[in-house]
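2 protein chains.
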Amino acid sequence: MKHYLKPHEWLIVEEGFDAHHHRISESIFSLGNGRMGQRANFEETYSGDSHQGTYVAGIYYPDKTRVGWWKNGYPEYFAKVLNAPDWIGIKIKIGKHEVDLNRCKVTGFKRTLDMKKGILYRSFTATLPDGKKVVVNTQRFCSMADGEIGAIRYSITPVNFSAQATITLPVNADVVNKDSNYDEKFWNEVSQEAKAGIALVTAETKKTFFQVTTAMSYSIETAGKTVKGKVKASKKEKYADNTVTIGLKKGVETVIYKYAAVLSSENHSKKKIQDQAKKKLKNITTKGYEKLANEHISVWSDIWKKCDITIEGDSAAQQGIRFNIFQLMQTYTGDDERLNIGPKGFTGEKYGGSTYWDTEAYCLPFYLGTTNPRVARNLLVYRYKHLPKAIENARKLGFKDGAAFYPFVTMNGEECHNEWEITFEEIHRTSAMAYAMRDYIDYTGDKNYWTEHGLEVLIGIARFWAQRVNWSKDKNQYVILGVTGPNEYENNVNNNWYTNYLGAWTLRFTMQAIDFVKNNSPEKYKSLVAKLRFNENTETEQWKDISAKMYYPQDQTRGVYLQQDGFLDKELIHAKDLKPEDRPLNQKWSWDRILRSCFIKQADVLQCMYLFEDDFTLDQIKRNFDFYEPMTVHESSLSPCVHAILASKLGYNEKAYEMYLRTSRLDLDDYNNDTEDGCHITSMAGTWMSVVKGFGGMRVRDGVLQLSPFIPDQWQSYSFRLEFKNRVLKVIVSKGKTDVLLESGEPLEIVLNEKVVKL
Amino acid sequence: MKHYLKPHEWLIVEEGFDAHHHRISESIFSLGNGRMGQRANFEETYSGDSHQGTYVAGIYYPDKTRVGWWKNGYPEYFAKVLNAPDWIGIKIKIGKHEVDLNRCKVTGFKRTLDMKKGILYRSFTATLPDGKKVVVNTQRFCSMADGEIGAIRYSITPVNFSAQATITLPVNADVVNKDSNYDEKFWNEVSQEAKAGIALVTAETKKTFFQVTTAMSYSIETAGKTVKGKVKASKKEKYADNTVTIGLKKGVETVIYKYAAVLSSENHSKKKIQDQAKKKLKNITTKGYEKLANEHISVWSDIWKKCDITIEGDSAAQQGIRFNIFQLMQTYTGDDERLNIGPKGFTGEKYGGSTYWDTEAYCLPFYLGTTNPRVARNLLVYRYKHLPKAIENARKLGFKDGAAFYPFVTMNGEECHNEWEITFEEIHRTSAMAYAMRDYIDYTGDKNYWTEHGLEVLIGIARFWAQRVNWSKDKNQYVILGVTGPNEYENNVNNNWYTNYLGAWTLRFTMQAIDFVKNNSPEKYKSLVAKLRFNENTETEQWKDISAKMYYPQDQTRGVYLQQDGFLDKELIHAKDLKPEDRPLNQKWSWDRILRSCFIKQADVLQCMYLFEDDFTLDQIKRNFDFYEPMTVHESSLSPCVHAILASKLGYNEKAYEMYLRTSRLDLDDYNNDTEDGCHITSMAGTWMSVVKGFGGMRVRDGVLQLSPFIPDQWQSYSFRLEFKNRVLKVIVSKGKTDVLLESGEPLEIVLNEKVVKL
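Chains as they are written, first to last, in numbering that gives the first Met the number 0: chain X, 0 to 758; chain W, 0 to 758.
Hints are computed from structural coordinates only; laboratory data are not their basis.
For every residue, glycine included, the Cβ atom is placed at its ideal position computed from N, Cα and C.
One or more of the hints may lead you astray.
Simulated DEER-style distance windows between Cβ atoms [what the hints assert, rightly or not]:
| no. | chain 1 | residue 1 | chain 2 | residue 2 | range |
| --- | --- | --- | --- | --- | --- |
| 1 | W | R65 | X | E236 | 28 to 38 Å |
| 2 | W | I572 | X | H2 | 56 to 66 Å |
| 3 | X | K472 | W | D613 | 26 to 36 Å |
| 4 | W | E580 | X | V175 | 39 to 49 Å |
| 5 | X | H19 | W | E183 | 30 to 40 Å |
| 6 | W | D613 | X | R65 | 42 to 52 Å |
| 7 | X | R65 | W | K184 | 42 to 52 Å |
| 8 | X | K399 | W | S46 | 42 to 52 Å |
| 9 | X | T225 | W | R65 | 49 to 59 Å |
Next comes chain X alone, as it looks inside the complex:
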């Protein structure tokens, strides 16, 4: 765990430059706007260790899969988030030397992310090897007002000299992917263009043929006046730039404004993409930095109005929650149903693929609670569009008759993962699509989603479960063999309780959806039956039978459900009794040792109780929590939030607070020692849930919003906002008191601490 960042309500601040933290900071200070983003790489040359990363949403490359030992059913290709052409470079050379923080003496270094405004600031004084000293101040943003533009304000002031300087302003498509399997470069050049004042590169991905045009313009001012300088425009393969020679005067500030337009063929015809980029570039250059920045800040201001959470009395916690919300909001805006929430967002490229079940299980509740329902709906439609691929995916593994098995990781609907114990066996994820539908309908009341798209997806998934179970003559019940539950520290187990529960529930939920569609849209139902060759009688008969006779492992003595068959054969010890040098287990223990141990990455019995809370008594939840939580090591970033929510429900307030801290500052404090690869974007939604569903006790039951808040001892008060049925509510919790304000929209009845309240 690292504590080099200063707590602050709205800012993330790094003071002093430590090259060892640079990759971590590059992740944490990342910027994005839903359409594009980049790690907090420096504009000027940096010859030290760094992970350069620029990303454009929806642009991927199917890299040839790399495995040691092939298993039938593995995908041939593994779609990767692509490192995209880079537009941030501002290379400054004074005399023989470049401004390069790896080769200069650096003082007064400060990197600041203003989360309220969405702007990244940096300032430092650099002494070049020849003694020349400059003061630099930078600002950068990816505009939330227009997802295709970004801008930089780069100010440089000579302290102890006057000299000519050359300023190189590139766009560069000659980039590599850190995790390329065969060291291949994934971009081909389409064209480049460079002339005084503008440079652009259009590059195309291999195989997938996405094109991205990256264009830049700039203006330079010295002492507030535009300077032209001597301009040399040059280009080479996948690269174009302008180099401007100007005079720097001692004590006089020169400001470089760099503007970028990044257009993708996903949104523009390939024929017109360069023209449109130039047009856009012209517009924004004319508009100028300040105006663009204000438009951008104004969007953030609107976002915060809807989704801010305040915490009084604990600035680390305040910073943590805002950072989580900020990252989520700049990763996914919900405008485009082709996009999703990558586990690293725009902060890194690890993991490949963009979409995990994280989206449905963790992110959806966040977007439901903070944005227009359209956003959550787009997430559902995204999966609907992937249904044919999910059916194909199931067929590859031997399933038939339209069974749908959603991939564990995907970009375009195809599976991108190849560990057999996950790819083939972590099957619960396919029901996350069903659960997300339930969540969405509970929250919005929009049952018509079933009619429009939902039922078709559900029937595919239900068919998968009906084929995936088998009848055990020995148990006289249905069993589900060979699975991996959400607790990935167990592989290829039989009768994972979470999976069995979710499978049976999905069958019942699908039948509920059938009833709704049949009664409300009989024509639509009829055409769906024909399209899917759905035999309602025989299929639902079987589903009823499976759901009624599903086997659920349990221990009667302890009164707990068993994570899987055979769990009680393990030596049951507590995580607190592990030696510190053995943690985290996933870095210190061999895989077989982890598998044989009782330790849990994320407790899936508890996960299920969180999802289906109303199916269990408080006593049941308590007994299972008391049994599993002590064995849980929370080495999944998705784990603590669920524990925080259940602990809150059980009145384990200290535990809830401990779990909250663990999730909210995971990246800021580099808790898992892996933030250098990027931030844990999807688990950030869990942080929001910890506060709102955990401390706030927020639930939606039968379309009614319920709250039962408590406040951690460490806090004086906290507040959160909720978007709910066209209203914005503000919930303010202080010691012994909860206020719920209706900030916009029609009056509403809610349940506060089990009492109906009218707002």
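For chain X, the structure is supplied; the task is to place chain W on it using the hints.
Just chain W now, kept in the frame of chain X:
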């Protein structure tokens, strides 16, 4: 299955050239001599599809491991059998054209492996693109009389022309490995030398720094007289040759003799290796082809005298068994305790590493029965020498106090495999080392092996098991969780019966060895106790407890042992009811489907009953065989032989014969569609066991040889020889009659059909 080879008692014959079979034939017609060998690549240029492979025993390269997803405990490097410098080339150019069977019209093609002599023959008539026709006859061998030499006799006769021809005779170290993980070349050049009459290349492996000097000389005769021709010696990186220009006369035979010496730094100092290669080369060139061939043939003659198996009335079966014995004997001669029996021998490079538990479980009985006990002993010593690495391997996975975990695949004692379900979990292999000791001692009576090396290995292995089990409070017994048994179609199961049985047996066997060493060599025992910090009291107390309270899954109703916990939850169906298009499952089904099915790659319950036959009643064996055999798909090449042996014991003669056929012609008929990668060398020992232990009913009990033969209906008679306690016995089985002849050595009492017989 392919049937393009002609059945013949002593020959493997391919008639007619079919390029589609070429890679398979390259495997089947491979040559070796325990020290080196090569696939049956053509001497002349062949531009068609081919897998070039030359191998030198003990020469490996630790290629960087390739995995999709890393698991803690995986090896960083994966030792590969290396494709070594190639010496067989005889490139012939006549006018503008090369002799190249891919570019010539080929008639009368015949490839013959004479297993009696160990010589590979080839003959064909080739018509060059310009109409010139040549008749070619070749012979080649790797000398069994001197493991460092090989020779070729290459005869060429122009049919319809006279012309100048250039003959290029290279040695070439610029070779690649088919399965290199990162397309790297593994050899660096040390030196080359080429002058008239000789060419040599010394190459060194990267990282491991093995050197191999490959040297060639030659002589050319036309019409029986030596021709010098015009010689040009040339060399380039990793390559040296002589090119000889001679006149070919219509109707006159020209014979090229090419001699090779292949010396490795494993057997020669690097300083002298070139000189010694030259010296050897000079000697063999002087000796000449015929003499060298006769010396080679004479060694084979001696081998066949000890280990031949004859089968009357079934030439396919006869050819099959001889082919299996031939391949085994040319793969491993037992002279060098640093070497072992690679799964592909000198016939291919697939799988990497050289040593599997196949050696102990399958090959050891073969070498015990057919060669001097020294050979089997060397196989044990090989593992003794790897003990420190086995301890290190265990330590890496979290075991302590000198626990020894032998790798699943190895070259130098280090693990070379990286599938977690195998590498970490197929733990039964570590006890194969103990079982091999039992086999060796039973057969030879040499209990002193325990004192010399054996006990030290056993204590290491016993310690592993003592740490690997855990006490199940739930079962009130010891359990072994998270394993893969020999049936690799089940992964990460709990309480695999085979594994539990072998683990407990190992503990008892170790205590037996302790008693022997303590009583017979108390001093040696004392020093071993000190060396290993062995606490006899506490450790053996624990071992006794584990062995006494081990849990063995079983089904009381059926009276069978259960392959693992939960096996009865599966749908139990029979392999015969599978659709033909679903076989083999490992090519047609996804991995998860295989895992969830009841189908068995090799039945490990039966494997255990085969190993510990005397621990079970005939009825127990029968019930388990009848239960498991129908679910077994035999997709491991190691499976059928065990079934053949048990079926023989149970009097299921037809089944035994069916299983025998499946193992004996596995490669000749390319049964598993993978012989192009190389032959299944280790499973060939299983074929021998099918005959000797299966049909012959051979066992050794308390040092006494027992036989209870039956003869398959399809055969008229069969015979096998056995090396047993300094004697050679010949067993001849015909309908209704068994003769046992003592071919050499002192008189001996054996048990024949349960009666004591004196020979």
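Hint check results:
1. R65(W) - E236(X): 28 to 38 Å: holds, 30 Å
2. I572(W) - H2(X): 56 to 66 Å: Since the Cβ atoms of I572(W) and H2(X) sit about 60 Å apart, the hinted range of 56 to 66 Å holds.
3. K472(X) - D613(W): 26 to 36 Å: holds, 33 Å
4. E580(W) - V175(X): 39 to 49 Å: The hint (39 to 49 Å, Cβ to Cβ) holds, given that E580(W) and V175(X) are roughly 44 Å apart.
5. H19(X) - E183(W): 30 to 40 Å: holds, 32 Å
6. D613(W) - R65(X): 42 to 52 Å: Given a distance of about 48 Å, which is inside 42 to 52 Å, the answer is holds.
7. R65(X) - K184(W): 42 to 52 Å: violated, 20 Å
8. K399(X) - S46(W): 42 to 52 Å: The hint (42 to 52 Å, Cβ to Cβ) holds, given that K399(X) and S46(W) are roughly 45 Å apart.
9. T225(X) - R65(W): 49 to 59 Å: Given range 49 to 59 Å: holds, Cβ gap about 55 Å.
Hint compliance for this structure: hint 7 is the single one not met.
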